[in-house]
Structure formats: structure tokens, C-alpha cells
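Colleague: Listed below are the residues making up each chain.
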Amino acid sequence: MVEQIISAQNIVKTYDTGEVHVRALQDLTIDIERGAMVAIMGPSGCGKTTLLNCLSGIDDINSGTIHIENTDLSQLDDNSKTDYRARRMGFIFQFYNLLPVLNAIENIELPLLVSGTRPGDARKQSLKMLDLVGLADWKTHKPAQLSGGQRQRVTIARALVNNPAIVWADEPTGDLDSQTATEIMDLMKSLNKEQGQTFVIVTHDSGIAKQCNRIIHMRDGQIENEEFT
Amino acid sequence: MDSLFGVSLTSILSGLMLVTSLIIALLIYIGWRHRLLLSMGFRNVIRRKTQTTLIVIGLMLSTLIISAAFATGDTVAYSVTNGTYWGFGNVDVIGEVKRDSPERIQQKHVEQVRQHFASNENVDGVTGTVKAYAPAINLDQLLSSPQAVLVGIDDLSFEAFGPLLSVSGCEELNTNALENINCQLDIKNLEKNEVYVTNLLAEEIQISKNETIRIYIENSPYDFKVKDIIHDNNIVSHFSNDGGWGGVVTNIESSRSILKNPLRVDEILISAQGGVRGTLDLIPGIENDFKELIKKNDLPIRTAQNKSEAIDFAELIGSIFVTFFLIFGLFSIAAGIMLIFLTFVLLAAERKAEMGMARAIGMNRLQLTFAFIAEGMTYNIVSAFIGAALGLGVSYALLQILESLVFDDFGLELSFHFNWTGFFVAYLLGIVVTFITVALASWRSANINIVRAIRDIPEPDLLKSKDTSFSGLIAATGASIWYLIWFVLVSLGAVLVFFGFIYGLTTYGASLLAGIVISAFYIWGVTHINHKKSKLLILWWISFNIIAFITWLLLRTKQWASNHQNTGGWALLMLLIGCIAVYWGGWISQQAFAYTAGMTLAIFSIAMMAVHFKAQARLTFTIASIITLWYWLLPLPFSLFIEEATTSGTAEVWQDPVNALFKLFGLGHADISGNIEMFFVSGICITAASTLFVIFNADILVRVAGFFQPILGGITPAVRTAISYPLASKFRTGMTLSMFTLVVFSLVVMATLNYNFTQLFTGEDAQGGFDIQIIANKNNSLPDLRTELINQGYDLDTEIRSIGKLQSHQFKMRPTEKINDKFKRYQVSGIDSDFIDNADFPLSTFAKGYSSDQSVMSALKNNNNFALGNPQIFIRDDGGFGPPPEGLQIEGSITELQETPWEPIAVTFKVADESEEQIFYIIGFVESPIISGTVPQWNSLFINYEAFSEMHKNNYPDSYFLVTNQHDVENTVRIANDIERSLINKGVQAISLSQKIQESASTSNAFSSLFQGFMSLGLIVGVAALGVIAFRTVTERRQQIGMLRAIGYSRKLIAFSFFLESSFIALTGIILGVSLGAALGYNLMTSPDFTDGTDIDVVIPWTRVLIVVGIAYLASAIMTILPARSASKVPVAEALRYE
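Line order of the protein sequences matches chains A and U. Per my numbering, the first sequence runs over residues 812 to 1040. Per my numbering, the second sequence runs over residues 9 to 1147.
With the rest of the complex left out, here is chain A (with noise of 0.2 Å):
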């Protein structure tokens, strides 16, 4: 039997602008399978990022449930949540979302130092994964020294450094050339495929959304249909 790492019963996120009520997911359930590779489509204000969000516990939901390898999230205090995240979770953003005041590498440390790692294996790990991403010779680089396309591999290597059960990304290669896009996504695949973890993916592009192993379409908050590829 395949094991469902996320489990989602009809849930519901409104969002609460002064007097218009937005009804941003509705009544929507999901069920992803362990090391699937998930791409979540749809046109702009479907409710993609929100349900990435929500998923991920960075975002309250206002009914349903969540379960994340078979934890409820909604029984999860903020704190336990915040470390549920640093342990399990890792996110990959469309604008990388790197401190730029650090380096690569420190950068791809921080979720393992939040977490209680010792600072020295911290180390070593990171320098494993910036290797696994191809930068292992910029590791002292600062982000503003980094390409679109190194930003994004150090991101992927943040994501991943802690050895998440779930990478969530949010248009990971939305600000990305085609060719660096590509280069992006076959890293992503070749990680699930050796390393086995989940990815989410919220993409805009097609041609991304065909690399992954399953696609989710969705419009006005809701689940229009799905293909498996």
C-alpha cells in the first residue's frame, strides 16, 4: 500500500480584506504519496501558493484537516509547528529568499543550527549538499556575488540540507532562464529520485509542471482535475 506523506480533508482558507471575504481554497482535499513529485498549475489567484502554504503550516486554515506523515498540523502549537519545519520541511521560493548578508554557505546552514545541530557537522553537511548543487567551489560567495540560476541551487541545497520528508516550491523557476529552469529541474528530479523526498511544486510553466510525476489543476480555490504522468 503506497503511504500518504500529506492528507488534506476539505479544507477551507479565507482571506479577510476589510469587507470582501475571499474564499482563496474551498472545501478542497488532497492526498500526495511519499517521494511523489507534485505540480500544482493553475492561472493566477486559483489558490495555488495559499495551498502550498497551508500544507506547509505557514499559513492557518479555517476548517478541514491537515495531515502531514500523519501528523494532525492543526493539533500543532506555532512552536511545534516552527519545528516541525526545521526538521522535516524544506522551501524553495521563486526569489530564493537568501540573507543577504550571509554566504553561501552560512546561508545553507541556518535551518540545521535552528534546529540544534552542532555548528561543525552543520558545516559538513552543508558543504555535502552545496557539493550535490555544483557550488562547492563558491561556497564563501555572498547572494548579490551569485548568479539567478547559483541562487537557486543554494536554495535547493538549503531546502534539502536537513534532510526534509517534503521540499515545497513556489516557482522555483519562475525567475529563471529556460536553460537554467531546466538545469534547476533536472537537479530537483535527480534529488527525488536518489534521496526519495516529496516535492511540491507551484508552477506556472507547462513544461515544468510535465517533469513532475503527477499535476494538479486548479481554479477559483478548488481542484479541477488532475493527470498523471
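By construction, these hints were calculated from the structure, which means they are not laboratory data. Among the hints, a few may not be true.
[To be verified] Derived CB-CB ranges, DEER-like:
| hint | chain 1 | residue 1 | chain 2 | residue 2 | range |
| --- | --- | --- | --- | --- | --- |
| 1 | U | Gln624 | A | Glu814 | 55 to 63 Å |
| 2 | A | Pro911 | U | Glu685 | 38 to 46 Å |
| 3 | A | Ala947 | U | Ile1079 | 36 to 44 Å |
[What the hints assert, rightly or not] Below are the DSS-like pairs computed for lysine-lysine, each with C-alpha atoms no more than 30 Å apart in a straight line:
| hint | chain 1 | residue 1 | chain 2 | residue 2 |
| --- | --- | --- | --- | --- |
| 4 | U | Lys299 | U | Lys832 |
| 5 | U | Lys1137 | A | Lys953 |
| 6 | U | Lys820 | U | Lys832 |
| 7 | U | Lys196 | U | Lys268 |
| 8 | A | Lys935 | U | Lys1060 |
| 9 | U | Lys830 | U | Lys303 |
| 10 | U | Lys869 | U | Lys786 |
| 11 | U | Lys1060 | A | Lys953 |
| 12 | U | Lys106 | U | Lys116 |
| 13 | A | Lys953 | U | Lys474 |
| 14 | U | Lys304 | U | Lys820 |
| 15 | A | Lys950 | U | Lys1060 |
| 16 | U | Lys918 | U | Lys961 |
| 17 | U | Lys820 | U | Lys786 |
| 18 | A | Lys935 | A | Lys950 |
| 19 | U | Lys856 | U | Lys826 |
| 20 | U | Lys116 | U | Lys304 |
| 21 | A | Lys953 | U | Lys738 |
| 22 | U | Lys738 | A | Lys950 |
| 23 | U | Lys217 | U | Lys196 |
| 24 | U | Lys961 | U | Lys786 |
| 25 | U | Lys106 | U | Lys918 |
| 26 | A | Lys950 | U | Lys474 |
| 27 | U | Lys106 | U | Lys299 |
| 28 | U | Lys830 | U | Lys304 |
| 29 | U | Lys786 | U | Lys116 |
| 30 | U | Lys268 | U | Lys786 |
| 31 | U | Lys622 | A | Lys953 |
| 32 | U | Lys918 | U | Lys303 |
| 33 | U | Lys139 | U | Lys303 |
| 34 | A | Lys953 | U | Lys360 |
| 35 | A | Lys950 | U | Lys622 |
| 36 | U | Lys474 | U | Lys622 |
Glycine is no exception: its CB is placed at the ideal position from the N, C-alpha and C atoms.
Fit chain U to the known structure of chain A by using the hints.
Modeller: Okay, now just chain U, sitting in the frame of chain A:
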């Protein structure tokens, strides 16, 4: 207060009003031509309320400090002036006995003067009075005052001098009391055996109405019934305030009778028409008339300080107070200006993308600057007003404390007072200073690259120049000069308009109009200079010719200058200015501020030049900072061998290497001198250097933090980001660090100086080895205290170990070698062998042939031609506050004498009724600050008693100095009281010196605490700066906070990281300020030039310093908790999604 730094306050106000009007006109212009820009500015004000509040607080602080300084000065000036008016009452011009005249003033002289002024309608009264010092005793309470003033008033000519006022029924002394018929007393009603006692004396000896007061004249007692207690005002206060002892008022005949001189007159008093306050304009004329009469008839009279002169002096005191507060507030004002600048630079950074977009769609730099100015002025106009008003409140609080702590001791009643001119000057000054700062910050912010702004690409390193060729350097220098000329042109224009306005306002209104028309015409010409066909432009060219040509040339070369300016050019220009300042300060004017500031500028300009030529910025500025700190803070690190270096002549190489170098070629400069402004200059230079040092090297701390990772554990990332972020924003961190450092530095220096001087003046040494001073009066002489005490049954042996005698007199003298100098009076004190044996007067230097303080004192005891000097007799050329000391003046200084062995200094005295001369040799100098504050008679030349008695015969000691067996305050006070009671018939006053010193120490401490409190206002600026930065940081790093939260940073860790970041800046500033302040304070207190050669064991008042910095840190911590909390509450998903 009418003037500041010599410029009339009205003129300053007029100029400021003009500048403010121009600023408002500019705002109206912006609103009229660019309404959108104005709206942009205004809307931003309400965009972030917390940030706006902080900005308003920051902006108002400078105004607050200026306003508080003005109001404090105004109150002091008003109160001193008030006191002076009351002191003089209706007395306007005073004639007293000519000093060297053998003849005394007599009643006939009074008649002669009265007759002379009879036809002068400006004079409403002339009277003669008797004045003598006499001991006064309350026989019931057994309390005495040794120097009460016996005043004899002539009831026949007294009317013009106003009524005597009873205390009962008129407790509050004011103008109403003068008119209250129930308070008025008539001198005519005094019986022969009755007196009025002034309030000052009544309180001193606790005497009341109808009790008996005894006074001694020529050793004979006279008892009087106290008819009433009167206010020390009007004619009476003129006498009773003399020495602060209070007075006993009798009818003139009674006084003459007990003084056994029926015609005696001591002073002739003239009252002018106009009451107490309305006579100032008449006084000079009346006094000149009086002087002519004296000269013409060779009367034995000389004029004393008149009311008008006394009022001028009072106003000078007020002005000194304002200057003092302003100078000590300069650090806070500077910090305030830096905060304003920083605030607007941060605002600009926050809106960088918006500004980039605005520029992209066609808004020019000037328009962007206008938008910022509009916003800045909205904050400014409101906050400056709040600041000025709060300044009055601060001043009020300050003065309440001042009055209770300090002025009460001087008998000065403070009445809070401010004039609207001062208030508006502070308000407008706040507006103008803020406007200039905002305009500069706006101009800097508007100077953005559109692409960089929109894409948020970091600005290029300004220090790095592309063109490092020699020709490029020359061109760049030319470009820098281009900017300098514009600056000079605009400044000159502003100065001309400023003074033109004042001149136009005070003389011809037309010139004001002309000035405005000319300015407008010039500006029109600048904007139309390329319109070749305009006839008006030809007129413009003709009218402004040279200036027009310079303007044209500048406009034509604008692009060239903009393209060529770089670090190298600015560095060369700065180096040039620095060298000129060094030359002017060292070789032309001998001004330390120009010399030292020029030197600092030169050091940093060389560093900039090196960076221009590709030297590593970090290394270069680190070296430059170290050299600057070394230059300013010497001899601290070398103090261990500085003495050796001085004797071997190498000290100067360390202290002033430039001059040492020039001296090698015989081109060294003369000694340079500096005043109080050096405190500010040193603060700025030291702070700038240390800030640069930290900013360029603090990444070492990151490595240190890395080293401690195993200990720090989970907070390592917080520590790392807390240090990395501030270091990544060098400008804003540097500015905030400077503010903190500057204010803490100034506080520590002040605390160190105050503490050590207070210790010096009020330490055990200040007692000079004695415990009690007994003050006697020649009218009830005390030839031998020991015998008198034994006669009164006092147990002498149990309590007293030794009794020394001292008698003072002002002798005429001059340095013997200066045969052309006039003889001037100077106080000389004769001291007997008991005094000399027990005196513990530390000496700062002694003449050749003496090996110790003891050998000098021994020589003084045994030689009737030796004297002990006081450093105050040296000619003072430091231009310090207040008039220079009068009397004997000798060239040189204590420092010079300390450096080289010296021969005894000969001084010639006039003796034997000034018919003969006698030479005395000064063989040593006392450390004057230590002892002169305790006993006024110790501020003199000391000779032995035998020599003194030979010159000044038939007199008895003024004071006795006792060494008791028990030296503590409690016992010396008890013994002093016992002696006073035992000698009640002599009316002596016994003072416990330790108690006196203790009291003055607490006053001194309170006063210095108050000054430090005022200076601490600057800390609020530093704390506000941290708050502004912290809030800004949260906004700026919203997305990064989201990411950190996403990857596992807990809320606490985020908050802690932000808190740590602010703490890093605050603590670094505090550590820098404390160490630099302590170093400079130490250097000053160990510099003989600064301490008049007094040897001081410098102590840094760590407790006081730690309290101040503790409060500063606590305040900054509280200020940053709010933004840290807000950072921790950033919603993760939103932060990640939106900018």
C-alpha cells in the same frame, strides 16, 4: 537675554524669519506647481504612524535642546538682573572713598554733590551714608555674625531712595510690596537705641523684632532694640548684600555717634529719575557729570560700579549660561541632526523602488527632492514647535533643581522667565536646521539610478573610482572645486540676503525690497541663461557681470563636473583644505581647533586618496582611524614613559609629529591654544575615527561569534545575523553608532572632569591641614585666641591641638623686573609659625635650591623676604569665561616653571604708607585650585606673620585656623559651635572646614549632575535612532523574516535576533563612548596645561558612568522590544508572498 555670540537676538530672529519665509515660499511653490508631489509627501506622513511618531520625537529633540538652553539662560539672566535691580534699588550711581586718598568723604562733600545736581532734572536725590563692618550678636540665642554691615541712613535726604519695607505683612518682595503702605517703615521713627535688622542677618543670628542685638565698634559693645526686621531691598540691600552678611540699619546720627565721627560719610549715593528700572539710559550721563565734579574739585571720591554696569554684567552672566548650555548641548544637537539625516536616508531607502518608478515615468531629481522636502517639512514644522515648547518645560524642571541645589547658596531667587524672541529663535532655528538636513538628505536620496532602484540592485561602492590616472585625478579635483564653488556661491548669496534683510529691516525698508528684487532677478537669469534673444537677459549679464559669468561657466560645465567627480578629487580637495587649516591654525592664528581638525581631515583625505588608487579600503581606513585616535588620545598609551620623553625632548614627536618635523628645519609653529570648543571638535574627530574603525573591522566579531558556536548553540544563527546585518549597512550603522558614541563620550568626559575637579576642590587636601576657621572682626578684635579661650574657661587642651594666625591686607606691588609696570593691589596673607607648621598646602612647583614642600615652608617661616605664590598671578591668555583676575600679573605659567628649574621671582611691595618699597621673593607656588575654593584669604600671596606685621602695623588677625584632636565633621562642628558660644562677646564666627567642604561638594555634585542630565538628552536621540532603524529593518526584511520562519526560526528566535541587532549597535556605541571618553578625560586631567600644574590622581567615576550607560542601554533595549516583537509576529505566508 539680548544677544548670542555677540549678535543681537532680534537680528538673529529677523534672519531666521526670512529664511523660514523662503522655506515656506518653496513649499507653496511645490504645492502650486507640483500638487501631486506635495500630496505624496503628506500622505507618507500618515502611512506609518509609529515611524512618524519616532521621527517627530527625533526631530523635536534638537529644537528642545536649543529652546531649553535659551529659557535657562533667560531665566538666569532675568533672575540675576532682577537681583541686581533689587540690590541697587533706587541707587544708580555710587561714590566711595578714593582708595589711596588720605582724606575721607565728609558731609560737606555730600552737600557739594547735592548742590551740583540740584539743577539736574535727571537726578531726584543725593544722599550720604555711613557704612562699617561690625560683629553682631544675638545675646539670647548666643549666635553671632562677624561681618554685619552697620548702615547709617540720612533721613533728611532718604526719600528719593524709596521706603524701607517690613518683612511682616510683606513676605513676598515684589513691586506691590513697594507700594503697600502697611509695609513701609520710616527711618525718622527710629529712636537712638533702635535699629532695623535686615532679613539676611536676622536669619543668620535668629533674631526677632523687639529683641536686643549687640554690635561691637572698636572693641566696645553697643546694644540696640530691634524695632523691625526689614527686607534686604532698595538702599539697604546695596549694603547688606555686600559680602552676604546682612545689615543693621540706624539713623545716620546714631551710626556717627558710635563710630565717634560726627561728619563721617562712607558713600555718596545718587538716584536718577525713573524709579528702580527706568534709569539705565540716564546713568552714564549722570556718572560722567559726577566724575567731572570729582576731578574739578579734587574730591576724595571715586565712582564704584553703577547700576547700569551691574545690569550689563548680569546679562553677561545670563548669556554665558546660554552659551554654556548650548555648547554642552552641541553633542546632542549634532546627534539630533545626524538622526534627521539618517531618518530621511532610511525613508528614501524604503521607497527606493517607488522612487525608481517615479523617475522611470519622468519625474526629475529635483521633483523627487521636492516630494521629500514636503514630507520632511510636515514633520518639521510640527515637531519643532513641540520641541520648543517642551524645551521650556525641560528648562523649568532644570531650574527648579538648580534653584534648590545651587542658587539658594548664593542667595539668588530664580524666577522662571523666557522671552518670546528666544522661544521663536529656538523654534525657527529648529526648522531651518532640519530643513537644511532634510534638503541634503533628500538630494542624496533623489540621486538614484533608475534601474538599480527598481530592481533593488545595490549601489556601487562610492569609494571606488574608475579613472585612477593622474589627469583623471586633476579633472576630479576640478569637479570637486566646481561643487565647492556652487556651495560658496549659494552660501554667500544666503549670507548676503540674511544680512541685507537685517540691514533693510533696521535702516531702510527699500533695501529689503531691492534685495528681494535682485535675488529674484538673479534666479530668473539662472533659469533663462540660454535664452539668447531676451533683452532682459542682457540686462542680467550687465547687472551681475562677474557673478553672471561664474554662474554661466558653472552651468556650462555641469555635466563635465558630474562625469568627472570621484573619490580622488574629493580627497585632494579635502587634503588641500586640511593643510590650509593646519597652516592657519598652527602658524597664523595659533588656534588649536583649526590645527587639529585640519590634521584629522588631512589624515582621512590621504586614506581616501589611497583607496582611490586601489588600496584596500578596510586596511586604509583602519590605519587612518588608528592614526587619528593616536593623535587625539595621546599620551594615554605612552603615559608611562612620557615623562622621560619630555625630558629627552622627544615628547613632541609623539604629541605633535608634524610640528616636531618642521622644528627640525627651524620652521616649527608657536604654542597653540584652544578653548571649550576643543571639547566638541575632539568629540567629533574621535567619534568619527572610532566609528570607521569599528565599521571596517567588526566582521572579526562574526568570526569570534563563530568560535563560540558550541557555547551559543541554537542562538548562533541569531547572533550571526544580528552582527552581519548591521555590518552590511555600513552607512546607517555608522551613523547610529556615531550618535551613541558621541553622546556617551561627552557624558563620560564630563563625568570624569566633574568628578575629579570636585574631588580636587572638596577633598581632604582642600582643608589645607586645618579643621576650623575662626573669623574675627577688627571692630571687636581678637588679638590672641588662645588666651581668650582660656579666659572664657574653654577646655583648650582636650579639643585643640594647634592654633595658627592669619591676617590679610591688599598691598600694592609689581614684578620687580618690570620697572615700568604700575603697582597694583593684591591680597597678601601673613601666616604665623603655627600656621606654617600645620599647613598642608600642596605645592605645584618650587624654586631652585629647594628639595621639597617642607623645605619651602621652612624657608618661608624663617625668612622675612620670602613669599609663597598663587598660580592666579600669571597672566591668563586663554580667553576663558569671565573677566581676567586683577592685581599682580606675572608673565609665564606654572607649566613652564615645572618644566625648567627657576630662580625665585622678585616682587616689589609698597610699604609704610606706600612711602617705601620692599622686595619679596616667591620661592614656591601652591596648587591653587585645591585650597583657594575653601577659604578666600588663601587665594593670596603668603608671607610670614612677622614680616606682615612690620608692614601692616596695629592690626589684629582676621582669622585663626585650628587643628583639632578629632577631625571628623561631627566633632569639628561641635567644637566650632562651642567656641562660638564661648566667644559670644567677641561675635566671632567658627566654621568647620570639613563641613563647609562637604556642603560645597554636594552642591558641586548636584550641579554637575544637572549638566550631565542636560547632556543626557542626547541619549534620547540615540535611542530614537535605534528605534527608527529597528522599525525600518522589520519592514525592509519582511520577506526574509518570512523565509526564516518558514525554515524553522521560532518567533522568539526572530525577536531575539532583532533585539540582539539593536543591542549590538547600542553596546558597541556605549563601549566606544566609555573608553574614548575615559581616555580623553584622563588625558585632560593629567595635562598640566589643563589643571594649572596641579597633580591629580585621576579617577574615572565608574559608578556614575555605569549608571548613565546602564540607563542608556535599558532605554535602547525597551525601544527595540516593540519592533522585535512586531518582527516575530510577521505572518509567514504573507511575508513570503508580498514585498
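Colleague: Now tell me, hint by hint, if it's right for this structure.
Modeller: Against the structure, the hints come out as follows:
Taking 55 to 63 Å as the suggested C-beta distance range, the pair Gln624 of chain U and Glu814 of chain A conforms, at roughly 57 Å. In this structure the supplied range 38 to 46 Å holds for Pro911 of chain A paired with Glu685 of chain U, their Cβ-Cβ distance being about 43 Å. Distance hint check: the CB atoms of Ala947 of chain A and Ile1079 of chain U are about 39 Å apart, consistent with the given range 36 to 44 Å. A hinted pair counts as satisfied when its Cα atoms are at most 30 Å apart, and Lys299 of chain U with Lys832 of chain U qualifies at roughly 22 Å.
Only pairs whose Cα atoms come within 30 Å are accepted, and Lys1137 of chain U paired with Lys953 of chain A is accepted, the gap being roughly 28 Å. For a cut-off of 30 Å, the pair hint linking Lys820 of chain U to Lys832 of chain U stands: about 5 Å separates their Cα positions. Restraint check for Lys196 of chain U and Lys268 of chain U: satisfied, since their Cα atoms lie roughly 21 Å apart, inside the 30 Å limit. The hinted pair formed by Lys935 of chain A and Lys1060 of chain U meets the criterion: a straight-line CA distance of about 27 Å does not exceed 30 Å.
For the suggested pair Lys830 of chain U and Lys303 of chain U, the alpha carbons sit about 21 Å apart, so the restraint of at most 30 Å is met. Between the alpha carbons of Lys869 of chain U and Lys786 of chain U the distance comes to roughly 25 Å, so the proposed pair stays at or under 30 Å and holds. For the hint pairing Lys1060 of chain U with Lys953 of chain A, the CA-to-CA distance comes to about 26 Å; that is within 30 Å, so the pair holds. Under the criterion of a C-alpha separation no larger than 30 Å, the hint pairing Lys106 of chain U with Lys116 of chain U is consistent with the structure, at around 16 Å.
Between Lys953 of chain A and Lys474 of chain U the alpha-carbon distance is near 23 Å, which keeps this suggested pair within the 30 Å criterion. Annotation: proposed proximity of Lys304 of chain U to Lys820 of chain U holds, straight-line Cα distance about 27 Å (limit 30 Å). With a C-alpha separation of about 29 Å, the suggested pairing of Lys950 of chain A with Lys1060 of chain U holds against the 30 Å cut-off. For the hint pairing Lys918 of chain U with Lys961 of chain U, the CA-to-CA distance comes to about 14 Å; that is within 30 Å, so the pair holds.
Proposed proximity of Lys820 of chain U and Lys786 of chain U is supported: the alpha carbons are some 21 Å apart, at most 30 Å. Pair hint Lys935 of chain A plus Lys950 of chain A holds up; C-alpha atoms about 12 Å apart against a cutoff of 30 Å. The suggested pairing of Lys856 of chain U with Lys826 of chain U holds, with an alpha-carbon distance near 22 Å, which does not exceed 30 Å. For the suggested pair Lys116 of chain U and Lys304 of chain U, the alpha carbons sit about 16 Å apart, so the restraint of at most 30 Å is met.
Distance hint between Lys953 of chain A and Lys738 of chain U is fulfilled; the C-alpha atoms sit about 16 Å from each other, no more than 30 Å. Under the criterion of a C-alpha separation no larger than 30 Å, the hint pairing Lys738 of chain U with Lys950 of chain A is consistent with the structure, at around 23 Å. Restraint check for Lys217 of chain U and Lys196 of chain U: satisfied, since their Cα atoms lie roughly 18 Å apart, inside the 30 Å limit. For the suggested pair Lys961 of chain U and Lys786 of chain U, the alpha carbons sit about 13 Å apart, so the restraint of at most 30 Å is met.
Between Lys106 of chain U and Lys918 of chain U the alpha-carbon distance is near 18 Å, which keeps this suggested pair within the 30 Å criterion. At most 30 Å may separate the alpha-carbon atoms for a hinted pair to count; Lys950 of chain A and Lys474 of chain U meet this at roughly 29 Å. Taking the CA atoms of Lys106 of chain U and Lys299 of chain U, the gap is about 12 Å. The hint holds against a cut of 30 Å. Of the supplied pair hints, the one linking Lys830 of chain U and Lys304 of chain U holds, its CA atoms being roughly 24 Å apart against a limit of 30 Å.
Between Lys786 of chain U and Lys116 of chain U, the direct Cα distance comes to roughly 28 Å. Compliance with the 30 Å bound is thereby established for this hinted pair. A C-alpha spacing of about 16 Å is found between Lys268 of chain U and Lys786 of chain U, which places the hinted pair at or below 30 Å, so the restraint holds. Proposed proximity of Lys622 of chain U and Lys953 of chain A is supported: the alpha carbons are some 22 Å apart, at most 30 Å. Restraint check for Lys918 of chain U and Lys303 of chain U: the C-alpha separation of about 25 Å stays at or below 30 Å, so the hint holds.
Taken as a hint, the Lys139 of chain U and Lys303 of chain U pair is honoured in the structure, with Cα atoms around 24 Å apart against an allowance of 30 Å. With a C-alpha separation of about 22 Å, the suggested pairing of Lys953 of chain A with Lys360 of chain U holds against the 30 Å cut-off. Straight-line distance between C-alpha atoms of Lys950 of chain A and Lys622 of chain U comes to about 26 Å, which keeps the hinted pair within the 30 Å bound. For a cut-off of 30 Å, the pair hint linking Lys474 of chain U to Lys622 of chain U stands: about 10 Å separates their Cα positions.
Consistency note: the structure conflicts with none of the earlier hints.
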